[in-house]
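This is what each chain is made of:
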Amino acid sequence: MECNNTERKYLTVNPLKTCQPLGAVWACLGIHQCMPHSHGSQGCTSYLRMQLTRHFREFIPTTTSSFSEAQVVFGGVGNLKQAIRNILSIYKPKVIGISTTCSAETIGDDVPGTINEMRASGDIPEDVKVFTASTPSYVGSHVTGFSNMVKSAVETFAKKSSPNGKINIIPGLLSPGDLREIKRILKIMGIDAIILPDISDVLDAPMTGEIHLYQKGGTTISEIEDMGNSIATVVLGREAGIAPAESLKEMYDVPYEVLPLPIGISNVDKFIMKLSEITSKPIPYELEEERGRLVDMMLDAHAHWYNKKAAVFGDPDIVEAIVGYANDLGINVLYALTGSYSSEWEKTVKSMVPDAYVSSDNDLWYLKEQLDKKPVDMLFGNSHGKYLAKEYDLPLLRVGFPILDRANLQHFPIVGYKGTAWLVERTGNTLLDYKDAKSPEHLLELIM
Amino acid sequence: MIERNHTQDYMMESPVEKNKKLIEDITDSYPKKVSKERKTHLVVIDPSEEQHIMADVATIPGIMTNRGCSYAGAKGVVFGPVKDILHLTHGPIGCGYYTWNTRRNLAEPEEGYNYFIKNCFSTNMQEKDVVFGGEKKLYGAIKEAYEIFKPKVIGIYATCPVGLIGDDIKAVAKRAEEELGIKVITVSCEGYKGVSQSAGHHLASNTLIMDIVGTEELEDPTPYDINIFGEYNIGGDVWLVKDLLQKIGYRVVSVFTGDSKYDDLAKAHRAKLSILMCHRSINYTNRMMEEKFGVPWLKVNYIGISSTIESLREMAKFFDDPMIYENTEKVIEEELKKIKPRLDYYKERLKGKKAILFVGGSRAHHYQDLLKDIGMETIVAGYEFAHRDDYEGRKIIPEIKEAPHHKILDTYHFERVTEPAYPQEKIEEMKSKMPDHFMNYEGMMVHMEEGSIVIDDFNHHETEELIKALKPDIFLSGIKDRYVFQKMGVPSRQIHSYDYSGPYSSFEGAVNFARDMDMAINNPIWKEVTPPWKK
Ligand code: SF4
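If you read the sequences in order, they're chains A and B.
FYI, this note's numbering numbers position 23 of the first sequence as 24, with every residue one higher than the one before it.
FYI, this note's numbering numbers position 333 of the second sequence as 1431, with every residue one higher than the one before it.
It is worth saying that the hints were derived from the structure and are not from the lab.
Take these hints with a grain of salt, some might be off.
Listed below are several chain A residues computed to face chain B (Cβ distance under 7 Å; list not exhaustive) [to be verified]:
1. Thr13
2. Val14
3. Val73
4. Val74
5. Phe75
6. Gly76
7. Ser135
8. Tyr139
9. Ala302
10. His303
11. His305
Where is the CB? At the ideal position from N, CA and C, for every residue including glycine.
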């Protein structure tokens, strides 16, 4: 389809991505007893902590090297050393995951070198693991930050010994509820898996009246070590997960498969069948029942969404998956937009919705301009879409990151047949609520 | 985590002794150097001695601090609320993204003015811009912004890498002004400048006074023209206050900077008086306004009922006008009558509850008054980024030694450029008549109860230990702590952003606040934290 952008080469308005350090910290939070440390000015840490806290409504522990002028002039290594020593003695983590920020990268601090030095001098005790990633914000996005950090974890810790009969799963930026659902499916199928990172039981910790700096969840270092021995790696979401899977392949010859996030019936089918294929485990009837129930729900409610036009925006992997979901439902996607450039992603999504406008280097202002010309019936995306939803009087189905203005959503899965069922419920009923709200009194109906 | 039962150890002593030991204990658990440093940032109020606190120095690396950066202070706090400036962040995407609709500085669109406040504009610098310089991209972005949005003013805010690679944002702004015929202001508020967001407030103030205030004339002056300073209209605070002031007969020329417009700021030098809410974030502008244009200022507080009343009366004293006196009392009486039954209801439910208060520029001070009004007590209060004068009062300013990080912040001084709008003799007279608040701020500490604790640049570890030992009924802070201590079973509310609630200012706001305290503390769900089979 034709899309004439107001010629904009330099200006970004209402971005569809944020910076690498946020994704890096997200990844660290899914590692057991890991303190994410951001090497740079404290502002970066403050910002990403604020953003993650608002999204998850949970405690986000993370530290900073607290740069000021002196560090950017003379280098930040001194602050890094001081920071590590303080972290070790005050917060006692088992693991420290260090990512860098714009300023640290621009001045060129040698983070891995500093860590080696501190190891050699005994400043970092042997039982504390450290891994590092270079994550300046002027490269990639929070998605690449996540990917770089997971890749570093794998490259730093994974080993090869004897086969473990397990599979690795790299789930990308899914919510705690999603991770729980994935684990439930694995359990039903009787599959042993190592999930990296795993933020369930970290960012959905129960209310107990006690405080824990490190919650019980997260992938342990010994699990990460064992990833070199697995049968295969399943990457859920290429953009966030392929890089670490490639490392495992290169280093230890662990083959990998890249799948879309298992949202929507065909994406879940792919996931289940791939799991079965890799592990030679049969697909249990229980899952078939779940699938059958989902198909039933979709048929019962198909009229509510069929042939609606939609725009989908947000992080690349979730957009790709939601496009698949929309295709299953018979919703026509007119726009699929993300902010972290990837030609692979564009190719894939374009093949799924050939008539849609697909762009991986875009922003929400672009979408706004297009809505003036070619409107849609509904939006799928993060909270930032709420202003468009209001302006164009459209229902917004909140999916992905960040969701700042609705509570509890991260506890409910949208992956798997069950998660998809819940998304289907939200899709249909959101549209019905919208229809009711818009109906004049004489057209307000009770029976379908 | 250190596991200790503080409560038992300190049962016998006076509150001052007890808390002094408590903070000794908390800081002793740090590594030596850290312990020594942190001890200077914690004080137990003890009227029997002269007390000082260390502030505005670098955070200890590796400590989980709540501090932000210079950019946050300049773009996020001071300039962000100006609704008709197109705020363009020059830097990688993160900083701009994180300040996009994340502060609840509400603003209303106005006929005939631009309204950009809901958007995030960024140059989204890429690696090649960092390597080859970002000036071209900045200029291109300004031009595109101009073509699409037709702003009257563009503000450029620099983030970390911009200063490091040496982009000359002033030169780009100048070129854009000449070529596009619009106003382009700049703030070089790179995140590493200074030790916290405070540096950004300072830098933003410089831009306000150098490029904005005094550039337009107030065509229809009235005798009761005032500015409201250090007020960002979080949750609509300034709307309630404006209402009151207008009822009394004042006219608000400009608000620095909540729900603000460029033109209003440009005319602010013509006001007779500026009233100052948040001392930390904008006292720089006040000082410079006084020097350059002779606008006097009065430290007020309209968080809390008694403080609001006191502030209104002080303002009346300054104008010393029968109409203002009379209307002030009338408004106070009316407002009190309106809120009394509702307030009494909450007071009954909140009696004697204890609060820990860790917020912002002057909030940790102001909210103590409000808490007192509703029958609550503040046992610990602290700031993230305050300076010693916010704690100890402006009298301490001459004693504060200039630190290296102050040098980068350009402190300007001015000669008077115009006749002040209010007679100079009158101003001098008032200085002696109203010594507490007129051109003065006494700081937070003198207003705190004996035995209460003051903390500068508080952090997670200290907070956790204090909560364990002092068992407050509510923890009032920002988003980053909001859910941490709630998990410990302590009700918590955000006093930076009010958790979607507010306004909390003046009379009606006090009731809103009391309602929210009640909601947090007396919420039935607290009873369910422990399962019945474990009770
Ligand atoms: S864009 Fe750069 S300076 Fe800004 S928050 Fe991200 S890493 Fe920090």
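We went through each hint and held it up to the structure:
no.	hint	result
1	Thr13	holds, 4 Å
2	Val14	holds, 6 Å
3	Val73	holds, 5 Å
4	Val74	violated, 9 Å
5	Phe75	violated, 12 Å
6	Gly76	violated, 12 Å
7	Ser135	violated, 12 Å
8	Tyr139	holds, 4 Å
9	Ala302	violated, 32 Å
10	His303	violated, 36 Å
11	His305	violated, 30 Å
Checked against the numbered hints above, the structure breaks hints 4, 5, 6, 7, 9, 10, 11 and satisfies the rest.
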